[in-house]
Amino acid sequence: MSELIKNLPHSTTLTLADQLSVQEGQVSSLTLAQQPGCKVTLFSIDTDEGMSSHAAPGDALILCLEGRGEITIEGVQHVLLPGQSVIMSAGAAHAVRALEPFKMLLTVVLPDQA
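For the sequence shown, this note's numbering begins at 1 and goes up steadily by one.
No lab work stands behind these hints: they were computed from the structure. Watch out, some of these pointers could steer you wrong.
Quick list of the computed label-pair ranges, beta carbon to beta carbon [said to hold, decoys possible]:
hint, residue 1, residue 2, range
1, L63, A90, 12 to 20 Å
2, T13, P57, 32 to 40 Å
3, A95, H10, 15 to 23 Å
4, H10, D48, 21 to 29 Å
5, G25, L63, 20 to 28 Å
6, L30, L81, 30 to 38 Å
7, T12, A90, 32 to 40 Å
8, S2, E100, 35 to 43 Å
9, S89, T31, 19 to 27 Å
Every residue gets a Cβ at the ideal spot worked out from N, C-alpha and C, and that includes glycine.
Please work from the sequences and hints to get the whole structure.
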């Protein structure tokens, strides 16, 4: 059976925030899983960089791993610190901006495609 979680070693203790470095002036990502019902991506975002407003077809969970990030959901700003999370409902317009070098784990749970 192929691995469902990829791009990281299995059966090894690791720190997620150490798996992707912040690149100057960039948003970087590492896909960890991409299945029909779920996508998991690790992001690193340099200060004042981010992703403009967009929406996802499923509910999305952002977990801050390192730094400070501003998540704007439907016009309401949320500042995340390490260990904090925010959930965005499917279809909600949201944007992400790093207030300082920022690392986050994004999990998107998609509806059944029945």
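Hint-by-hint comparison with the structure:
1. L63 <-> A90: 12 to 20 Å: 18 Å, holds
2. T13 <-> P57: 32 to 40 Å: Since T13 and P57 have Cβ atoms about 34 Å apart, the given range 32 to 40 Å holds.
3. A95 <-> H10: 15 to 23 Å: 33 Å Cβ-Cβ, so the 15 to 23 Å window is violated.
4. H10 <-> D48: 21 to 29 Å: Given a distance of about 35 Å, which is not inside 21 to 29 Å, the answer is violated.
5. G25 <-> L63: 20 to 28 Å: With Cβ atoms ~24 Å apart, the hint holds.
6. L30 <-> L81: 30 to 38 Å: Violated - the Cβ-Cβ distance for L30 and L81, about 22 Å, lies outside 30 to 38 Å.
7. T12 <-> A90: 32 to 40 Å: 33 Å, holds
8. S2 <-> E100: 35 to 43 Å: 37 Å, holds
9. S89 <-> T31: 19 to 27 Å: Holds, at about 23 Å.
Comparing the model with each numbered hint stated earlier shows that hints 3, 4, 6 do not hold.
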